[in-house]
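Based on the hints, put chains B and C in the right spot on chain A.
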Amino acid sequence: MIEAHLPILQVIIPLLAAPICVFLRHPVATWALTTVVSWICLAISIWLLQQVQAGGEIIYEIGGWAAPWGIEYRVDMLSAWVLVIVTSIGAVVMPYAKLSAEKEIDRDRLYIFYTMMLLCETGLLGITITGDAFNLFVFLEISSLASYVLISLSQDRRGLTAAYRYLIMGTVGATFYIIGVGLMYMMTGSLNIADLAKLIPDVAATRTIQAALAFLTVGLALKLALFPLHFWLPNAYAFAPSVVTVFLAATATKVAVYAFVRIIFTVFGGINILQSLQIQDLLAALAIVAMFAGSAVAIYQTNIKRMLAYSSLAQIGYIILGLSLNSVGGISAGLVHLFNHALMKGGLFMVMGCVVYKIGSAKLDDMAGLGKRMPVTMAAFVLGGLSLIGVPLTVGFVSKWALLQAVLDKGWWPVALLIVISSLLAVVYVWRVVEVAYFKVPSTAAMEKDEAPFSMVLPTFILISAAIYFGLDGTTALDIAGDAAATLVRGLK
Amino acid sequence: MEFSGLFVYWIIVALMMSGLYIVIAQNNLVKKIVGLNVFQVSVFLLYITMGKVTGGTAPILADNITVYSNPLPHVLILTAIVVGVATTSLGLALVVRIHEAYGTIEDDEILEQDDDA
Amino acid sequence: MIVDQMIPWAIALPLLGAVGIWLARNHANVRETITLVTAVLLFIIVAAFFDDVAAGDRPAWSYGEMIPGLSIAFELEPLGMIFAGIASFLWIVTTVYAIGYMRGHHEKNQTRFYVCFAIAISSAVGIAFAGNMLTLFIFYEILTISTFPLVTHSGTDAAKRAGRIYLGILISTSIGLQLVAIIWTYSLTGTLDFTPGGIMEGKVQPVLAGILLAMYVFGIGKAAVMPFHRWLPAAMVAPTPVSALLHAVAVVKAGVFTVLKVSVYLFGIDFLRDIGAGTWIAYMAAMTILLASIVAMSKDNLKARLAYSTISQLSYIVLGAMMASGLGIIGGAMHIVMHAFGKITLFFCAGAIMVASHKTEISQMRGLGRKMPITFFCFLIGSLSIIGLPPFGGVWSKWYLALAAAETEQVLFVAVLMISSLLNVAYLIPIVVRGFYNDPPIENHDHDLPVSESDHLEPLEHLAGDVSGPHQWKLAGCAEAPPLCLVALAFTAMGCAGLFFYADSIYQFVLPIIQGGAS
Chain A
1 MIEAHLPILQ VIIPLLAAPI CVFLRHPVAT WALTTVVSWI CLAISIWLLQ
51 QVQAGGEIIY EIGGWAAPWG IEYRVDMLSA WVLVIVTSIG AVVMPYAKLS
101 AEKEIDRDRL YIFYTMMLLC ETGLLGITIT GDAFNLFVFL EISSLASYVL
151 ISLSQDRRGL TAAYRYLIMG TVGATFYIIG VGLMYMMTGS LNIADLAKLI
201 PDVAATRTIQ AALAFLTVGL ALKLALFPLH FWLPNAYAFA PSVVTVFLAA
251 TATKVAVYAF VRIIFTVFGG INILQSLQIQ DLLAALAIVA MFAGSAVAIY
301 QTNIKRMLAY SSLAQIGYII LGLSLNSVGG ISAGLVHLFN HALMKGGLFM
351 VMGCVVYKIG SAKLDDMAGL GKRMPVTMAA FVLGGLSLIG VPLTVGFVSK
401 WALLQAVLDK GWWPVALLIV ISSLLAVVYV WRVVEVAYFK VPSTAAMEKD
451 EAPFSMVLPT FILISAAIYF GLDGTTALDI AGDAAATLVR GLK
Chain B
494 MEFSGLFVYW IIVALMMSGL YIVIAQNNLV KKIVGLNVFQ VSVFLLYITM
544 GKVTGGTAPI LADNITVYSN PLPHVLILTA IVVGVATTSL GLALVVRIHE
594 AYGTIEDDEI LEQDDDA
Chain C
611 MIVDQMIPWA IALPLLGAVG IWLARNHANV RETITLVTAV LLFIIVAAFF
661 DDVAAGDRPA WSYGEMIPGL SIAFELEPLG MIFAGIASFL WIVTTVYAIG
711 YMRGHHEKNQ TRFYVCFAIA ISSAVGIAFA GNMLTLFIFY EILTISTFPL
761 VTHSGTDAAK RAGRIYLGIL ISTSIGLQLV AIIWTYSLTG TLDFTPGGIM
811 EGKVQPVLAG ILLAMYVFGI GKAAVMPFHR WLPAAMVAPT PVSALLHAVA
861 VVKAGVFTVL KVSVYLFGID FLRDIGAGTW IAYMAAMTIL LASIVAMSKD
911 NLKARLAYST ISQLSYIVLG AMMASGLGII GGAMHIVMHA FGKITLFFCA
961 GAIMVASHKT EISQMRGLGR KMPITFFCFL IGSLSIIGLP PFGGVWSKWY
1011 LALAAAETEQ VLFVAVLMIS SLLNVAYLIP IVVRGFYNDP PIENHDHDLP
1061 VSESDHLEPL EHLAGDVSGP HQWKLAGCAE APPLCLVALA FTAMGCAGLF
1111 FYADSIYQFV LPIIQGGAS
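Just so you know, the protein sequences line up as chains A, B and C, in that order.
Quick note on numbering: the first sequence equals residues 1 to 493 in our numbering.
Quick note on numbering: the second sequence equals residues 494 to 610 in our numbering.
Quick note on numbering: the third sequence equals residues 611 to 1129 in our numbering.
Next up, chain A with everything else stripped away, as it sits in the complex (with noise of 0.2 angstroms):
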């Protein structure tokens, strides 16, 4: 009975807690039950996928009104991969964020917090989950306009000028999002993304569906951080609560390219849209842009959470490549990246907000003699670091040699000698951190051992040995992904 309803359960459970959490008002509660509801939410998403696994593609129709008509959510392999990456972080971060918000967030403000962050796990599930362009865009609003809040609940002023920044793009984003459904459906008549997939290729050639692209493209792109319209992102990730960013820098860039993914190879897959508008190149550029300047700018930061917000803006790089190459290997080397950096990337701020809230700050000379002092929590840097470098028995080295096998198919071989490259930057950054947290003499910290608490460390390595388990087993993840591009692959034809 319950089975048959999984997909509109994943989303609306979220959803009505929210509500509830306001009501609540009490901070332990709210934490106690946002907790309770992301771990059902991660029960009901992994349950999806074996479904998924086991009968394929679910499709269920809201209110029982038959698409294209009514809203339909569908459930292939790509949309239960996405839905158990949001919804583990999620449950991963819930029972770190009751410390980390208490302590970068003002007490009165915390129901808001957890009913934002309720809010805006329904947004990323329902865009995952919808099978509806213009119900996609409710979603990706509702999730907006939560992490937009969650941003601006920072202590920190420059928190409040990040999430209006956000705002004003995300938004421009998003309106130009609907102005490409909005051109889609003027010449098709549908807004459902199945039909529309087999509606495109008739009207393909007309300048309405080429316009309706080159929006859809900017405004996800926008929404996703591609180099150059990333601006947005680094101050809003390097400001806002750690937990927030966490959160954010594992799951809504993520859902961002999972909606990219949708437009160009489901909807805009019948005419293969990649090679036939020579978009091909112009997003591979643009990803290895985003690999070397994301990379080189980190460098250059001395505020931690910034550096890996630029060094996020290099995986979206990867990612972006992977997908451009418009082949299996391509597309499934960018979808396992999409997990893995996930899992890296919130491990990494995750350590972040275990440091700030140790030491109050993000900064890296603040962090000299940490290597002493916290020496748990900044063995989980080093694992991370070294995942995101790409060294071997990490996530980051899968995601990577998959990354090169795919461009090595396609010939791309100077392709493939920029990625080592830019894995090179990549030791660089975060060997500026190894260097001053264990070789650097702290000048005034006492150089006592002083660890986070455990419910952080322990979520932090929750996601840190995930990052070294499925670099040891990487096929399990590399299988699902593989299957996904299949099916996206299949659309193409």
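In case anyone wonders, no lab produced these hints; they're calculated from the structure.
Where hints are given, some of them may not hold.
[Unchecked claim] To spell it out: a stretch of chain A is covered by chain B in this simulated footprint if at least three of its residues, at any positions, have a beta carbon under 8 angstroms from a beta carbon of chain B; those stretches are: (1) 135 to 149; (2) 160 to 167; (3) 179 to 185.
[Said to hold, decoys possible] Dumping the calculated DSBU-like pairs for lysine-lysine here, alpha-carbon to alpha-carbon at most 30 angstroms: (4) A:K372 to A:K449; (5) A:K440 to C:K770; (6) C:K718 to A:K449; (7) A:K410 to C:K813; (8) C:K770 to A:K449.
Ideal Cβ placement from N, Cα and C applies to all residues, glycine included.
Chains B and C in isolation, oriented as in the chain A frame:
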């Protein structure tokens, strides 16, 4: 037909571009939000125009009505308007808080203060 | 089956030892006992594998699946057994030596030293047992990183600078060339498993294979083929036991071992011969042999001279591999053993001299042989083995290498080997001669004072002083190095001689790999 038929679209494009221009060029945070509104409204108009069927009336079920406009875009735009209102109010709320924190709502002055910090 | 399950333990054991060492960090004696016990246990495990491998078994063990078809995999074969055997055996000897040296030299941070040492040995064993190129690469990198704290052990600015060179060259060549070659290989052949006869034949075009080969050989920076040799002299700032075991045996041999492994199991000897690309790399190796020997002559610092000698000797093995003949591979494999014993002896002697008399420059060592006769005698034996004179082990490996050169009609390489032997004579023997025959400089007696030993060592120390002849009155108490050092270096010197008689068993042991390649 050519120009006049597309007349509404020209207006929409003009609104869209001026809205976007205001967002980018204005220094004042409130004006930026006004620009954002202009930009969004142009999109609302785009959808509504799209639903119009020449000679059609409002989509009401009645005996003597055979040709009526497509109601779906209107419904969609109701949703979009709600989203737009939410965005605007959140944006304005942020501006109020920024004013409390920085004492100004001019973008360049805020940047200056952040650089000093 | 039990043998298969033992493989991960051979790699885990030194790591467990490292944990034990760290836990016992406040008790020097317990800590060093743990090190020794671990070393002995490791050697027992490794030795237990020998019979199976000699009988033709190839025990294997793997875990996880990182990329489709690629696991952390281990598979034992003769080449790896030889390397693992040498590394684990000499670890015991080096530990004995290190205890004497580190205490005698009053080094700081000894716990870190022993921990890193154990990790380095673990990764050396991992390299030896690796069943595919990726596993090998992983342990290769762990070896680089774990030896970095050993190189910079003293913490001085010079050590840090040397450490940067060390890490810089090894990491950048391994990632910039070797890893790229690995990825490329995988992309072309779809596998990285070490397979008898190679995996490339029929899948890789000869020209491409030549480029790949060069990327491997130069990417394996640990093999120190010029121009990527600078890290090895830089690493000499490390304490002598490190130079002895790691930079004469474990690390550098890991490099040439990898070269052999790549040649035999990735390219395959036959394919290597067909593409002919090995030839010009062989010329590079030959050039390295000669140039490094010449540079060695110009070095006055004993360890620096030995380092350049090592660079030269490593290229013998690379040369052996690149000649793409079975005899060359066998000669190379054998040279891993022979050179290991010879060079470790020389380094032990250098360390002993440093501990006992604080001398590092060869020019200061005039007449020192009369004060330290055992040390200098062992130095002579080690030198003779390196030069390749009977009755010492070194003669056999050179013999096979020269045979290989003759077999492939590369007369030039025969000449290079001969000239190199002469150069070896020129840079090693004078040290001994100077030590025994020249009179010690007179101003030398007063300040280089007795290095005080750990208390319980002192009686023996005096004992050693008694045999040092008429000059003893000047040099009371500082004639020879601590007995633990002496025992170790005498032992490896005897090994040099012993290997002369056991060369054939090594030959028989390695033989299957080239037959596998030929079939």
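### Task
Check whether three or more residues of the stretch 135 to 149 of chain A sit with their beta carbon closer than 8 angstroms to a beta carbon of chain B.
holds (count 6)
#### Entry: Verdict on chain B covering the stretch 160 to 167 of chain A, where coverage means 3 or more residues with a C-beta closer than 8 angstroms
holds (count 5)
#### Entry: Satisfaction of hint between K449 of chain A and K372 of chain A, Cα-Cα up to 30 angstroms
holds, 7 angstroms
### Query
Are the Cα atoms of K410 of chain A and K813 of chain C separated by 30 angstroms or less?
Holds, at about 17 angstroms.
### Message
Against the 30 angstroms threshold, does the CA-CA distance of K440 of chain A and K770 of chain C hold or violate the hint?
### Response
holds, 14 angstroms
### Given pair status - K449 of chain A, K770 of chain C, alpha carbons within 30 angstroms
Holds, at roughly 27 angstroms.
### Task
State whether the coverage of the stretch 179 to 185 of chain A by chain B holds or is violated, taking the criterion as 3 or more residues with Cβ-Cβ distances under 8 angstroms.
holds (count 3)
#### Entry: Hinted pair K718 of chain C and K449 of chain A, Cα distance within 30 angstroms
Status holds; Cα separation ~23 angstroms.
Of the numbered hints listed earlier, not one is contradicted by the structure.
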